[in-house]
Structure formats: C-alpha cells, structure tokens
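Asker: Given next are the chains, with one letter for each unit.
Number of protein chains: 4
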Amino acid sequence: MSRPAVRLNETRAGQAVPAELRDSPRFWLEAFGAVRAETERRAAPLSAEDQAVQSMPEASPVKWHRAHVTWFFEQFLLKPFTPDYRAFDERFAFLFNSYYVAIGPRQARPQRGLITRPGVPETAAYRAHVDAAVTTLIETTRNGEQVFPIVEIGLNHEQQHQELMLTDLLHAFAQNATNPIYDANWQWPQGTKSTYPAARPDAVVAGIHMIGRHEPGFSFDNERPAHQALLQPVRVKRSLVTNGEWLEFMADGGYATPGLWLSDGWATVETQGWEAPGYWRLIDGAWFSMTLGGLRPVDPALPVCHVSYYEADAFARWSGKHLPSEAEWEAAARMGALDDAFGSVWQWTRSAYSPYPGYVAESGALGEYNGKFMVNQMVLRGSSLATPAGHSRESYRNFFYPSARWQFSGVRLAEFEH
Amino acid sequence: MSRPAVRLNETRAGQAVPAELRDSPRFWLEAFGAVRAETERRAAPLSAEDQAVQSMPEASPVKWHRAHVTWFFEQFLLKPFTPDYRAFDERFAFLFNSYYVAIGPRQARPQRGLITRPGVPETAAYRAHVDAAVTTLIETTRNGEQVFPIVEIGLNHEQQHQELMLTDLLHAFAQNATNPIYDANWQWPQGTKSTYPAARPDAVVAGIHMIGRHEPGFSFDNERPAHQALLQPVRVKRSLVTNGEWLEFMADGGYATPGLWLSDGWATVETQGWEAPGYWRLIDGAWFSMTLGGLRPVDPALPVCHVSYYEADAFARWSGKHLPSEAEWEAAARMGALDDAFGSVWQWTRSAYSPYPGYVAESGALGEYNGKFMVNQMVLRGSSLATPAGHSRESYRNFFYPSARWQFSGVRLAEFEH
Amino acid sequence: MSRPAVRLNETRAGQAVPAELRDSPRFWLEAFGAVRAETERRAAPLSAEDQAVQSMPEASPVKWHRAHVTWFFEQFLLKPFTPDYRAFDERFAFLFNSYYVAIGPRQARPQRGLITRPGVPETAAYRAHVDAAVTTLIETTRNGEQVFPIVEIGLNHEQQHQELMLTDLLHAFAQNATNPIYDANWQWPQGTKSTYPAARPDAVVAGIHMIGRHEPGFSFDNERPAHQALLQPVRVKRSLVTNGEWLEFMADGGYATPGLWLSDGWATVETQGWEAPGYWRLIDGAWFSMTLGGLRPVDPALPVCHVSYYEADAFARWSGKHLPSEAEWEAAARMGALDDAFGSVWQWTRSAYSPYPGYVAESGALGEYNGKFMVNQMVLRGSSLATPAGHSRESYRNFFYPSARWQFSGVRLAEFEH
Amino acid sequence: MSRPAVRLNETRAGQAVPAELRDSPRFWLEAFGAVRAETERRAAPLSAEDQAVQSMPEASPVKWHRAHVTWFFEQFLLKPFTPDYRAFDERFAFLFNSYYVAIGPRQARPQRGLITRPGVPETAAYRAHVDAAVTTLIETTRNGEQVFPIVEIGLNHEQQHQELMLTDLLHAFAQNATNPIYDANWQWPQGTKSTYPAARPDAVVAGIHMIGRHEPGFSFDNERPAHQALLQPVRVKRSLVTNGEWLEFMADGGYATPGLWLSDGWATVETQGWEAPGYWRLIDGAWFSMTLGGLRPVDPALPVCHVSYYEADAFARWSGKHLPSEAEWEAAARMGALDDAFGSVWQWTRSAYSPYPGYVAESGALGEYNGKFMVNQMVLRGSSLATPAGHSRESYRNFFYPSARWQFSGVRLAEFEH
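Residue numbers (my numbering), protein chains in the order written: chain A, 1 to 418; chain B, 1 to 418; chain C, 1 to 418; chain D, 1 to 418.
Hint data in this document are derived by calculation from the structure and do not stem from the laboratory.
Just so you know, these numbers come straight off a predicted model, no measurement behind them.
Fair warning: there could be bad hints in the mix.
Rough simulated footprint, nothing fancy, chain A against chain B, three-plus residues with beta-carbon under 8 Å [to be verified]:
#	region
1	43-52
2	113-122
On the chain B side, residues computed to face chain C include the following (Cβ under 10 Å) [claimed, not checked]:
#	residue
3	208
4	225
5	227
6	351
7	358
8	359
9	375
10	376
11	401
Glycine is no exception: its CB is placed at the ideal position from the N, C-alpha and C atoms.
Please model the complete structure; the sequences and the hints are all you need to start from.
Answerer: Shown next as structure tokens:
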C-alpha cells in the first residue's frame, strides 16, 4: 500500500512534529485531510456487505470503524468547540460510541454487525458532514492551543482504527470459503527480511535505561511517565522468528507437547484445536495462509505472523529462550539494534500491560482511552505492515489478550546472559 | 403487499391445480416466473447490508435465502435433468446448502452472515443464470412427469423462504436502534378482525375425522398419510386472541406468575426477561411494536402476534382454556368454522411435531426436508400475513421450537365439552 | 433385589387395592412402613459421600431423595392434618422442596450436591421424626378419607424417587475411575429374556381402544382422563431390542450415519461424542457396561439399556421400523401381547409428553406434579428393573428429555401394516 | 487455631532452617510429623460430606487435598527413593494428580467432587500408609542430601494445601442455606489491627532494592533469581484497608460507578452482580459475613477480606491511590515498614504474575509447579490467617486470577511521591 505524504508522528528515527508547525492551521488541515483520506483509501476496495460484517465479537465492521472515528471528532472536538454544530444524526452517538461509559449508553460490542443502517452511502455522508465542520473549525479557530491537540489525538485514534480495519476485515475474509482477495497486488512490505549476516551481532542491553515517552511530540498516556528501569543483562535478537523456524517447531511436535505451554495456553490449544498459526491451512500437504492478497503459500523466509502470545511463549520455551520484556525491547530498539522493529509484525513481549509508575490517566472521557484495559492483556511492541505511516515509535505500547491472533503479530526472542 | 397472480396451491377453498394444467409447460413457466418474481419483489426495498445480515443463528440473511432457493433448483432439478448444465459457481453448493447432509458439507448455519461474497449483484446474476436454465428445461423437456413435480416442490420451497425472508429481516431490524422501516405503507391484512357477533357460535368438533392431505394436488410429505382420528368433543374458538386480551393477561401478572407456565417456559421467561410479546416496547407508558412498517402503537383490536408456544400455553391456562390439537384445528378449519384461519397469524397448537401414522419420508436427499425435524418442536396451523398467496391449506403443518417468537405467530383457544 | 411384601399398586395384572382395605389404618400403616423401609434398604450400602454427591444437574443426591420424600409428607400431610406438628427443621423446606413454586423458594437444582449439612445421621433423624408423626396420624385420624389418599400419593411419590436413587447413583459411580460396585450380587432380573419362539407372533393393534386409567385404584393425574383413541393397524413387537442387535447397528455405522438420525439427535451425537449406549466402554476390544453390579461385559442376549430417545429413534429407522406410540403400546400391553413390558427397561415411545384430551391438573401445589412438564419430553412406557414392586401398570406414563440416557431405558419396535 | 511447634520456614524475621539441622533425620521426622498432623487437625471438625464436596471448579474437596498431598510424597519421594515401595492403590495416581502433565492423565479438575470413593476412612488409611513409608525412608536413608530437599518441598506443598482446605471449605459452607460453622470459637487473629497512631509514618521506598529470595533456606522457584530492581519513590501504607473504609466506598456508589473500574472488572461486576465483598450479606439492613466461625456481623475495624483484584483496584482508584507493585511491597516489608504484612489477609499487588529475569523452572515434573501459571494472574504478597505457621516470608509470591475472591485477600494501598 502507498502511504500518505504527511507523517503525523515521528517514525522510528524519533522526530516529532516541528514546533513551528504545531500552531499552523495549514499543517493540521493537511494532516487531517491525509489521515481521513487514508481511511477511505483502505475501505475503497470493499463492498457494502464486506464493510458491514462482524466476524467475531472482538472485531468490528469496517463501516463501523469509519463511522466511529468520525463520531470521535464529533464528540470530543465539534461538540465542545463549534457552538452551533448540529449532529448529523443524534442516534449515531449510540451506534458508534465504542466504550466511553462516561458519555452514555452504546451499541453492545458483539452486535455491531447488526447495524445494516446507516448504510455505506449514509456513512460517507456522515464523514463528509464532519469533515466539513472540522475543516471550518481548524481554519477559523482562535483557540488552536486547545483545538489542535484534540485534532491530533483524533487523527492518532483514526490511524489506530485504520490498522484494525484491515485486521478485522482479514478475519472476516478468512471465514469465507471463497477466499476473497482484498488487494490482488498485495505484497509483504519491501525490504522485510528475517535473517542477516552473522557479522551483525545481537544487542545486549543491561543497566539503567530510560523507558517511555520523554521526547516532545504526541504520545498516548500509557507511554508516560518516562522513567528509569534497571535491566538485567539480556541479549535481544536482531531478527524476527521466521515461518521456516516455526515449521521446525511444528515438525518437532510443538502444538502437541503440553510441557512447552503455559497452562492457560495449553487449554486454548485444546479448546481451539490449534495446530498452526492463525489463517494457516494445509492443502494437499502444503501450507497456505490467508493474507490481504488472498490465499498464498507460506514463505519460510518471511516472519511468522498471526501467532498468539501463548504460541509465542511456547515457541520461545522450545527454543530455550524467552520473549523480551517491553523495557528490554525498547532499550534495544532505541539502540538501533533491532531489524524489522517496525512495519512488519508486532512483537509480543513477556510484559503484562500495566501502568507505568506514576501513571495518571487523561481527565474526562478520554481517560477511558487506555487505563481501563490495564489487566489481562500482554504488550506488543513495534508496528506492523498494516500500521499507517508515521504511527510507529519506540515507546508505543500495543496490547491484546494472550489468545489473540488476528493481528499481524509475530515473535522476537531474547536470551539472558549468565 | 400485492399478491402474485398465479396461485400454485389451492387456498383454503381447497382446489388443487387443475389436472389438465399439470402437464402444461406454459403453466409451469408462468408459475415459475411468478414465484421467482415474488422473491425479488420482497428483497427489492433492502440494501446490500440489509440482505447480508444474520441477527441470530435461527434466522438467515435475505441474500442467503435468495441464493439457497436458487441452489435448490440447481441441485435437484438442473443437475439431474439438464445434462450439460454448468453450475454458476461450484463453491455455492457449499455456501447455500441448508442442511442436506446427503449432498455434502455446508456453511455452518450460525455463520451465514459471514458470506459477504458473493455480493448482491453476483447473487442476482446467479438467479438469472438458473432462471434461464430452468426456463429452457421446462420449455424443452420431454420428461414433464418427472420434471414438473420437482419444479413444483422447488416453488413451494421458495415460497416457504419468502415468508422467512420477512420474518428474519424483521428480527434484524428489531435489533437496530434506529427502527428501520421495510415498507412505510405496510398495513395489517385488510379484513382481519378478531371479534365477531355473538350470533356466530364457536364450532364443536367431535368424533372421527379425516386428518391430513387426501385431496389431489401438491402437499409436503409431513401432511401424509391422511388418516382417521377420533376427537373428544371440543369447542374451537372462532376468533383469534387479540392484543387487548393479551394486555389483560399482562395486567393480571401473566408474566410474573410461575404457576401459569410450563416449567421450561418459566425458565425461558426468567432467562430472557420476557415481559410482553416479541418486539413490544414500552415507551412513555404506551406499548409499541416493531412491524414491517416500523415502530407502531399496539392496536388492541388486532390479533396478538410474535408470541411463543410457552406464552400461548400460559395465556390459555390463564384463560381456563387450552390450545387446540392440530387435529382439532384441522377438523374445525375444514368445517369452515374458523375466522382468520389463514393470512393473519400462524396459530400454535398443543401438538408436538411428529410423524403421522405410517409416515414415510421422501426418498433421496429430499427425504431430509421434513422428517428429521420431528422432535422438540410444536405444530402451528393456518398461515400468516407473510405467507405468499396460494401457499395455505387446511392440512399444512408448520413447526417451530416452543421458545420461538420471531415468526408471525398467534393464538387460538379451545375448550373441552364436559 | 428383593421386593417389599406390600404391593401398593396393582401390577400388570391390574388389580387395585381392595376397596375394603382402603379405609383400614392397619393397611396404610403397613404400606407406609414397607415403602419407607425400601428407601432405607436401597440407601444402606452407600457411604455418606456416595449419598451426598450430585454428578449432573439432572441427577440428585441419594441423601436429598431421602430427605425430599420425607419433606413431601411433612408438607402435604402433616402440616395440614396434624395441628400441633413441629417441623424437624424449618430450613429443610428450602433445602428439600424440589420444584413446587407455590410453596416457596428452594435450593437451586444444580446445587443439591452442596448440601453437606444436614449429614446422613441428621437425615436419618429427620426421617424418623416424620415417620413417627405420620404413624401417629394414621393411627389416630378420624379423617381417613382425606388423609389416606395423601398417604397414598406420598408413597407413590417415594417409590418414584426410589428408582431415581439408583439411576442417579449409577450415574455418579459411572464417573468414578475406580468403578464402584453398588451390589456385588446384582443380577439382571430373573426371567428377562429377549427372544421368544417364532410360534408366539407379534400383536397387531388397530381400531378404537380405551387409553388411560379407567380402573379403580391409584393413578397419577397425567394418566387421566381415560379416553378412546383410534389406532391405525400396527404390529408391536413382542420382544425388546437386545444388545446383540444394537452391536449390529453399531457395526453397520449407526453412530456415524447422519441420515439415520433426527437433526437434534445428530447434533447431540456430535456434541457428546456418542459411539455406543450410555455407560458402555470399549476395553481391549470388548464392550463392557457400568451396572449396579460394577463393570460387566455386555451380554448380547439381554435388552439394550441406557439409550436415549434419539438413539432409539435412529435404531428404529435403521431397522426399517419405528417406535410405537404410547397408545399403541398401551393397547398391546392390555392385550397381554408384550413380553418384558415391565421390570426390565422402560421403553421409549414416539409420543411427546402432552396432556390427554380434557386433562385437568390436581388443584393446589400438587397440581405442579405432572402438568408443568408437558413439553419437550418423550413418553416411556412399562417399567424397569429399578422400579419398586407394585409401581407398574399399563397406563403409567414416564417421561424424559430425548437426550436422557441415565435411566434404565430401552427399545421396543413397531411396524405399520400396509 | 493453634499452630504446630516446628516452623519449617523462617517467618517474617527471616531465619532459615539452621544449617546443622538440615542433615538431621530427627529434624525432618519432627517436621514431617508436625505438618502432617496439622492437615489432620484442620480436617477433624468436618463430616465425610463436608470433605467430599466441590463447590466450584476452582475449589477442591478437603478429602482430595488430604489425598493429593499424600500422592505428592508417593510420586516424588517414595517411588524414586524407596525401591520396594508398593503404592497403596495404583488408581490414586489418576485421582489425585493435580496438574502434572508429565506424569500422566488425571481426574478433570471440575470433577474432583465426584470422587465419593475412596471414602474418608480409606483416605486416612492412605495417609497412614504413606506416613509409615516416608518415616522409614527418613530414618534409614543414606541419601539425605537428595531425600530431605524433597521432603521439604513436599511439606511446603502440603502447607499450601492446608490453606486451601480452609478457603475451599468456606466457599462450600457459604453456599449452604444453613450457614454451617467450621469452628464456633474461631476468632480473627489476635493482634490484628488496622489503624496505628499517626506517629508511625508510612514508609517511602525508592531506588535500587534486592528483590526475591537470596537468603539461605527453602524457597519456591518463582521467588528466584533474586535481582535488583529500581523503584520510583512511592509511599506504601503501613496499615490495611478496613471494612469501615470499604463501607464508605460502597456508600459512595463504588459498585455502581463504572469509571472506577477496569473494563474487565466492570464486566465481572455486572455479570456476577457484585455489590459487596465476597460472602457479605445484607440482613435487615446490617452487613454480615460468612466466616470460619459462621455468619458474623461485619466489624468496621477489621481488615476487609474476600475482595478480588478488580475490587482492590477500583477501591484504590476511588481513594486516589493505587496498589503497590510486588517489588514495592517487598522492599517495604523488608524495611519492617508494614503492619499486618503476615497472618491477616493476602494483599493484592498491581503486578501481573510473571517470571523474574533469568527465571529457570525446576527440571522434571516439579518444573510444572509454578512456571506454567505465569500469565493472566496477579501477585498477592504477605500471608493470611489461614496460612500455616512458618510458611510466610517477604519473598513469597502468591497468585490468583483477578476475579478470585474466595481467598482471604485484602488491600494495602500505595501512593507515588511527586
């Protein structure tokens, strides 16, 4: 996929939005336009039915994503700052609120697929209505220091949903016996490679490191406060685990050896009947995988993808290694010691998702954005092929339940020094 | 809704297709065209999303119904009788087989809503493809005595799904907070009335009656063999139970009095939180009901609708009466002693769905049509406002689980003579 | 097992309690003593833990049965007729009420196994307390015409629970890896045989028969009113289906052929993984079955036992026959044309459990005894090896859900005459 | 409850078993005798039914605990080190293996309550059989350096189950409408007090601390390796949260304010209908709690008990504070800055249960003891009133799912310094 020109966030190199641009309406207009267009670009190949389906409670319809991110601007930007703003349809606040309890009742999450109305055309009209109002607000506000930060969080929020649009859609397509294709020309990101010359050694991190977001520029509250962490010496692997390595694990009985698994993980293997990564299918003795480009043969040289935390942990145990903690990962990433840290697959860490010391949630309804999910989930670091450009950084914390495998999630190993 | 001109089955008056027409290709062409057009007419007001949604495992998407009835002709008519027939898409046999185990694997029922592809346009093309092939077959066959009966069962089958298209769609719309409208001009069938002058007494049936289909013309295998049944004297009410009477039942604590309910019924009341018929909602102290015409006030003079067997049975107990058996109902209907027997609401009977004495299922895959459902379900008799014209007869046996209430199902009472 | 001397009910020969005895306190004292003693005799081999366990929601602990039947006398006999009666423990009304909603709240059925207190000794004391009070009441009442019928229903009720004590206990023992033995000397009832000389032909029943309890003597309300039924000519098999015949069914793929099964039945086969009758286990290539005498080899000559309605129905279809209706069964039994009608295994009929025409439930709380279960269950006729002596008659209607197979339930076939 | 004389582990003061005793058979004989006797002392007040019941899948029967800890010695001590040892009953390895996959199949956890046999007397005989064999082994072994460490882990294991015997039994009793009493004289541990003079300030911990077990003496593998951790400055409360404070939280709508809760926690509140801590009941306007001494009034001065992690976290948020991490807790405990750290209630920390850096599981089947549970659970620190004497230490890590509240679990708060 091509990427939008405006990069809202710094990338792995770590630059923030230049200070002089942060007060510029023109900058925010361009950013707003670029991000909103990227959402539409991702939805464009899909039929109305494709956009309406919800294939499991954890996934949401593409149409719902398109409307929800729009409602976010309506709720948090236009209602407070555009005095005469008229909601496109008052009922949408019920339909497209995701989980903000403070704002009122909402459509039950497992029933988002029942929203056949509004349809795709009405959803597009809703987006246009809000686009116009936000554009006017950005152009005319005298209150940029309050307005622009909300535009910024709204755009970062929309970028998160851009990734989910693709992961959720792929899950739906993977349930379809006709193996639909999202993009026939889809390719794994150019330059992704999993192995490197022996000359480039793995990094060893140790000692006290600053963890979390301390640079200027946007970050989510869960990345703060930055703080020092003391790391035991650990070797973090430069490269990602590949499909080829995963096939060895499978051939060695990885999915049939309970001793390799966490207890909850093994229960999941048995209940779900897992025998391979998500979306893998054995056809006439060869492994294929469902991708955004349809059903494709599994390439042993590429990073393994669509594995759960349980699988990542079992693979690590089988390897005689373990997963890095999120602090170990971040320290190594900041040293530039990780290949494919970004843009390929999210990398499971062994860290449960919890607040940093001294964490304080945002005030108001936006305080529900992150903090209330800080239990029972595991942190993933880096970013994936579905992450929009400019939405990656070393301090970024993604999180999912340990059984989840419909994200583009893979594995990087680590090893303690003795 | 307007009704198609050709009436495939006799109506309550009981006439069958005239014998001289049964061998006429022209007759079958017209019948085929009329029934297929009625399906399209019912789907026409719906968007692609409306047609794709599945709001519960028991309901199916409208698009699925349209394709499934088409597959039925492909499978049971074209494959055997059109030697060079080429399937529109071989994969559809998997997607659109409902439950014919003998024919092969199929899409799991609760996942019919995941079939975003084929889309609506491709579904229409599928229908056109099959329409053309069936038309050619009817016009050119020299084997009418074998072909036409399968056309006939295919059309009766499609008519059954025409009713389900509306009941299933209404269930989906009833889950939508925006209360969508299928047909703004929808009205309860003209002439439906629930009370009649006292001068028209209720019928008493007693003694030996012939039950089941013994007349010529089409019937399903579950209506046969016709046989004699001995009935104890029973008074079957001429009129249907009304919303007004149901409101009295509710006001008298009907939904809060366990002694009125079957044990399984009371468990359902408690689990589901039932307090009124299906689709009823209390808004500012007044009862409304979701209908094909959108949210409408409950009219006390109309027949109660969307009640389960459990509710019908509890209401009967509260009334000091009971539900008729299906034989009692049929005997009374054949006497012409029932008002609104057809075209308003299906009427629950106290008879469990089971085979008639000497019942033999059809041979081959069509033998799965009825017989394998003959346990755990209750018989409903008559027909409803959603039943297509010409699809009603006194011997017709409909059946649903006793907790079902998304059909247009109502209540007629009976009382034993002492 | 030996049988108590006093036979409360007529047996298959159909004699009722002689009229002159029905007013005799001495008769009722003896009957009460005999039935109460039989309960204790059945519990005697069991430890406290054996008596307290509940192995599934549908089964109840032996200790609970012992206390519940005692509470029944306390509630329906002593409270109304012994003015100064003091309950043994007021809290027992909550613990040991089974389902009489009219009487008040009660222990949730699936949690009867949590009643570790009262213990076995306190339960015995409870029984003794009530025994003494009932004995005094019988000896001293001047109101025998009201009191004795309640004694009678209480004893019939206790006899029903005597059977359940054994079926429920066997289910618990069958979950135990050590295969506990209830009675090492247990034998299949003497005289049970499954095949008979060809000289004794099967009965054909046809025409109008009186069905239900019309003779004097005790019956439950669900056996009434007696009424005439018109039967199509049907041949009811004289003998029961044997284990040997069932093994043929299994060898022919019976449990792997969906076309033989009702749709709900096949779903159960798949969900439960059924491959043989209940309690059967394949050990080193030979079939064994868990019995009251422990794990025993399956004897091909004995009647098949522990099969569900679904299995009985599938076997019948495989045989090219069907199950008799309950009216067909009763007519044949009254003709004396059935071997092993009583005392071996209950026999599934194809009749759903529903009220007889003109059925009226008992008034008061006892009206909950039968009527409220008349949906979703199938009728079994006859009686089993666990049925206490004197508790069998031709009009007796037992009923269970079609998936149940922890009762001593078997199969008799029928065949329509053409 | 009185406590056994021999203290296997150091207590909070931190002394280990003196080195000269670790090689002494006499010491181990005494320790073995004392711990085994404590198990019996705890079971003594219970009937056979009390010991056999399993009131939820997470809890186990007392009889099962008694047998399981015995099997542990049989499996890990006697089989390897007593060459001619004859198992008491080979089938017990199936019944009483808890989760050691490496050792073979086992009774499904939710079905431990079905083990009515062996009974209590046979269980006592099993214990005596193993006691005799272990005693002989300790007295005669020439291999103490291998044998005694396994005795030690077996005794620590049995002590863990001693606590569970009481927590699991209390859960069962709390389901019983008769409110059974385990020990009528039971009292909250003497000296427990929740508030202290203002003169004793809360501790502030900060900087680098050694965490984990580095002292000599027994520890579980999950307490190792000891390692340095860098703590941000945090004030850990000296006292526990009391019932009185919890009542304020309730009065302030704590259980009805979703904004106070983690998302998964709020879902649990709604599903379970939580309105107060576990075992609390409102009777005539006053709160009572089920305890080992039966139903008792809630004492506002005592520490709150039977709260889940979700509740502890919500309370902390309501207080404007948070829970300590396990490292913060341990650092403060090692400073002697915590009142009631041990012997009252376990204290939830905000740390998910995960391996320490460089953690290596024990080899062999004992490696399943801890490591495989390191996901989805939260760490509790300290010990409770049900913890046997000598089984508490600063490095001890207990862990449960965040919804669990049948343990004696309470709350200690912390607050970051700014």
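Asker: Next, verify each hint and record whether it holds.
Answerer: Hints and how they fare:
1. 43-52: holds (count 6)
2. 113-122: holds (count 8)
3. 208: With a minimum Cβ separation of about 6 Å from chain C (threshold 10 Å), the hint on residue 208 of chain B holds.
4. 225: holds (9 Å)
5. 227: holds (6 Å)
6. 351: OK, holds: residue 351 of chain B within 10 Å of chain C, min 7 Å.
7. 358: This hint holds: residue 358 of chain B lies near chain C, its Cβ roughly 5 Å from the closest one there, short of 10 Å.
8. 359: Hint holds; residue 359 of chain B Cβ to chain C Cβ min 8 Å, cut 10 Å.
9. 375: Because about 5 Å separates residue 375 of chain B from the closest Cβ in chain C, which is inside the 10 Å limit, the hint holds.
10. 376: Holds, because the Cβ-Cβ distance from residue 376 of chain B to chain C comes to roughly 6 Å (cut-off 10 Å).
11. 401: Holds: closest Cβ of chain C sits about 9 Å from residue 401 of chain B, inside 10 Å.
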